[in-house]
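What follows is the residue order along each chain.
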Amino acid sequence: DTGVSQNPRHKITKRGQNVTFRCDPISEHNRLYWYRQTLGQGPEFLTYFQNEAQLEKSRLLSDRFSAERPKGSFSTLEIQRTEQGDSAMYLCASRTLDTSYNEQFFGPGTRLTVL
Amino acid sequence: AQSVTQPDIHITVSEGASLELRCNYSYGATPYLFWYVQSPGQGLQLLLKYFSGDTLVQGIKGFEAEFKRSQSSFNLRKPSVHWSDAAEYFCAVGANFGNEKLTFGTGTRLTIIP
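Residue numbers (the numbering used here), protein chains in the order written: chain A, 1 to 115; chain B, 116 to 229.
Note that these hints are calculated values from the structure, not bench results.
Do not rely on the hints blindly, as some may be mistaken.
As the list claims (entries may be wrong) - Pairwise CB distance ranges, derived in the manner of DEER restraints:
hint, chain 1, residue 1, chain 2, residue 2, range
1, B, L171, A, T2, 38 to 44 Å
2, B, G143, A, G16, 38 to 44 Å
3, B, G168, A, R22, 35 to 41 Å
4, A, E52, B, R184, 35 to 41 Å
5, A, L97, B, Q117, 18 to 24 Å
6, B, I175, A, S27, 46 to 52 Å
For each residue, glycine too, the CB sits at the ideal point set by N, CA and C.
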């Protein structure tokens, strides 16, 4: 399977704990995006990378959130001192810049529950 | 700023009936428009996309959508729904420059009754 993969698929944690999610994009995809989806809402943009450079962060991404893409391949999203409001589905998407079409391919998501 | 409105939160249709899901967008230039489908607990699957050219676009699973610039709409249609079409449907708009982030609507949940 050469699609976008995310791990873990589910994470339950207690408030105040740190969590880290991983996203493996489609091979050779230059851009990688993180979105957050809360219950009953559409996904909202968090941040994106072009290769290893993080080029933009949404205002939704508080100081407790940090994302990396160290070698321009996989990416991690870490949430420190989790709060109940962080409970959501975290989606990763990737795309190639080889076409002018802004077609993003999404992974299955990581569902975070903060107790 | 770009935005998407999906006015119908929940739609119920009978299996075999036709379907239309509404989407209105706000964007300052020619948008890239998308419809995604999400099954419970799953990620997003692209149904179809519009970039330019023919305003009626065909997608997977028998879906189509029509771009109407004058109405700022991109409604999704299917002539005959199947029970497996039950899911959440999201319309999204994206730029063709800059960060190209997608802005999604709040989604329409589709229920199919036998």
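Cβ separation of B/G143 and A/G16, checked against the hinted range 38 to 44 Å: holds (42 Å)
Should the hint that B/I175 and A/S27 are 46 to 52 Å apart at their CB atoms be regarded as holding? This hint is violated: roughly 23 Å between Cβ atoms.
A range of 38 to 44 Å was offered for this pair. Does it hold for the Cβ distance of B/L171 and A/T2? Hint violated: Cβ distance 30 Å, outside 38 to 44 Å.
Taking the beta carbons of A/L97 and B/Q117, is their distance inside 18 to 24 Å? holds (20 Å)
Go ahead and decide if the range 35 to 41 Å is satisfied by the Cβ distance of B/G168 to A/R22. holds (38 Å)
Pairwise beta carbon distance, A/E52 to B/R184, judged against the given window 35 to 41 Å: Distance hint for A/E52, B/R184 holds at roughly 38 Å.
In this structure, the hints that do not hold are numbers 1, 6, in rising order.
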